[in-house]
Amino acid sequence: MAAPPRHATMQSISNGGIAPGIDKPQTQQTQQAQLSQQSPGLRVPSNRKTIYDRHLNRSRNTELSRASFAFLFGEMVTYAQRRVTGIQDLEKRLNEQGYPLGLRLLDLLFYRSTSTSSSALSSSSTSSSPPNRPLRIITLLHLIHGPLWRLLFGRAADALEHSVSPDTPNEYMITDNDPMVNTYISAPRDMSMLNCAAYVAGIIEGVCDGCGFETKVSAHNQPTELWPSRTVFLVRFGDPVMEREKVLERAGVK
Amino acid sequence: MAVPAYRGTNNLQSLRTPNTSRATLWRSKQPQFDSSHNLPEYLEAYQSASPPLASPVTLGVFSLIIINKAGGLIYQREFQAGLRNLSTNDYLVLAGTFHGVHAITRSITPKIPISQPAPFPATSSTGTTVPAASGYSYPNPGVPVSGLDYLETDKFRMTCFQTLTGTKFLLFTDPLTGHVDTIIQKIYELYADYVMKNPFYQIEMPVRCEAFDRHLGAWLRGRT
Chain A
1 MAAPPRHATM
11 QSISNGGIAP
21 GIDKPQTQQT
31 QQAQLSQQSP
41 GLRVPSNRKT
51 IYDRHLNRSR
61 NTELSRASFA
71 FLFGEMVTYA
81 QRRVTGIQDL
91 EKRLNEQGYP
101 LGLRLLDLLF
111 YRSTSTSSSA
121 LSSSSTSSSP
131 PNRPLRIITL
141 LHLIHGPLWR
151 LLFGRAADAL
161 EHSVSPDTPN
171 EYMITDNDPM
181 VNTYISAPRD
191 MSMLNCAAYV
201 AGIIEGVCDG
211 CGFETKVSAH
221 NQPTELWPSR
231 TVFLVRFGDP
241 VMEREKVLER
251 AGVK
Chain B
255 MAVPAYRGTN
265 NLQSLRTPNT
275 SRATLWRSKQ
285 PQFDSSHNLP
295 EYLEAYQSAS
305 PPLASPVTLG
315 VFSLIIINKA
325 GGLIYQREFQ
335 AGLRNLSTND
345 YLVLAGTFHG
355 VHAITRSITP
365 KIPISQPAPF
375 PATSSTGTTV
385 PAASGYSYPN
395 PGVPVSGLDY
405 LETDKFRMTC
415 FQTLTGTKFL
425 LFTDPLTGHV
435 DTIIQKIYEL
445 YADYVMKNPF
455 YQIEMPVRCE
465 AFDRHLGAWL
475 RGRT
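Chains A and B, in that order, are what the protein sequence lines are.
Under my numbering, the letters of the first sequence match residues 1 to 254, in that order.
Under my numbering, the letters of the second sequence match residues 255 to 478, in that order.
Hints are supplied without guarantee of correctness; some may be wrong.
Covered stretches of chain A (in silico footprint by chain B; criterion: 3 or more residues with CB under 8 Å from a CB of chain B, positions within the stretch not fixed) [stated by the list, open to error]:
#1 63-74
#2 77-89
#3 213-220
Some chain A residues flagged as far from chain B (calculated, every beta-carbon gap over 12 Å) [what the hints assert, rightly or not]:
#4 52
#5 53
#6 60
#7 107
#8 175
#9 183
#10 185
#11 228
#12 236
If you are wondering where the hints come from, they were derived from the structure by calculation, not from laboratory data.
For every residue, glycine included, the Cβ atom is placed at its ideal position computed from N, Cα and C.
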């Protein structure tokens, strides 16, 4: 599958982006800060405390405006819609927009979930116990179903199921009755198959890949009478993951 | 709907522009108006006839029309069965006609003369229109001229709400329906949410948003 190389490129990109900043001497950085203070582009607060100087848990319980998110996501969909050939292409683009977010979100998720259990609020790098990375599929899916969903949407997902068919033991389903990203979106009739929660599917994919589980995630409409925008995220694990899962099961790893 | 819309023009009872009746200035300047009445006579008749407004009564919301700022029909929906159907073309004509009528009513909003100490007899002798323009003003200068606000017949009441961007919401209700302003505000809210936040909606184009239809229907059903 194409997922692991994508993961590798993402990492190399992020490394390349950070590297020049580290190489720069301190004086040059302060000069830059002064420069950016004069230019209207980047705003630096008067006390020089940017968003990077804040503690990561500072915005932990803060909430964002739903309306501004709706407008932002709407523009993202409009952007992804340019020069696409079809619905699948559009969903792929949305998925690709969510993927890097999932990779980055994973670190924040681990950081925040460990800092609640231990009292290591002072510094993140010297926290005593390393965060528990999920090794088994079920642990990973519970992490997505619960903590990840709460981090993103403020509530847990509605259902977590395993495929009953013996042909596809690698398929799992996460159900959200009313996905937040789709609240204000109604797809036109000729695109009724489209589900913009493909973006969320991309986030899930990024989280799984970040944990070392090769996955394909897709979003599907499954409307019911009560929940017209009910969405099922189909998580398909790759064959290597299933093989490893068998080995771990024999070894008794939890 | 719109049966009454065409039939009712014969027994049209009132055509009100809000600027004239909202204005306290107007009343105080004109003592022949009975200023103790807050409402025009015809409205009082309805008020006394209607049941006390203990609960927000939604006797009937007949139909909703949304007109874009160019006068084109972008949304039309009926909420009650048994209304005579108009063809799509007729609806387009209705929207365009109303757009024009609304513009006319806005420009004919009456102005009242400003009572001046009259020290300028010389200006009128020049023959210019300067004294006429400066000597008259709208009854309430603080309120912008809004044009036709509602139209009431014995069969229905048509309320027009214009947004700041020029989109017009036309709501046809039963004349006894109370709290029409609240209903229109809620419809505007739903429009702002489920139409304007939808990335697949093209601005100024006909509204085809399934979520808007669903929430609008559910909310109006919840009220009645």
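Outcome of the hint check:
1. By the rule of at least three residues with a Cβ nearer than 8 Å to a Cβ of chain B, the coverage given for the region 63-74 of chain A holds, with 5 such residues.
2. Remark: the region 77-89 of chain A is confirmed as covered by chain B, as 3 of its residues place a Cβ nearer than 8 Å to a Cβ of that chain, reaching the required three.
3. With a threshold of 8 Å between beta carbons, the proposed coverage of the region 213-220 of chain A by chain B is violated, since 0 of its residues qualify and at least three are required.
4. The Cβ of residue 52 of chain A sits about 31 Å from the closest Cβ of chain B, beyond the 12 Å cut-off, so the non-interface label holds.
5. Look at residue 53 of chain A: its CB is around 34 Å from the nearest CB on chain B, clear of 12 Å, so calling it non-interface holds up.
6. No beta-carbon of chain B is positioned within 12 Å of the beta-carbon of residue 60 of chain A; the least distance is around 27 Å.
7. No Cβ of chain B comes within 12 Å of the Cβ of residue 107 of chain A; the nearest lies about 30 Å off, and the non-interface call holds.
8. The Cβ of residue 175 of chain A sits about 20 Å from the closest Cβ of chain B, beyond the 12 Å cut-off, so the non-interface label holds.
9. The Cβ of residue 183 of chain A does not lie farther than 12 Å from every Cβ of chain B; its closest approach is about 8 Å, which violates its non-interface assignment.
10. With 12 Å as the threshold on Cβ separation, the claim that residue 185 of chain A sits away from chain B is violated: the shortest Cβ distance comes to roughly 6 Å.
11. Distance to chain B contradicts residue 228 of chain A as a non-interface residue, since its nearest Cβ pair spans about 6 Å, not more than 12 Å.
12. For residue 236 of chain A, the requirement that its beta carbon stay farther than 12 Å from each beta carbon of chain B is met, with the minimum near 28 Å.
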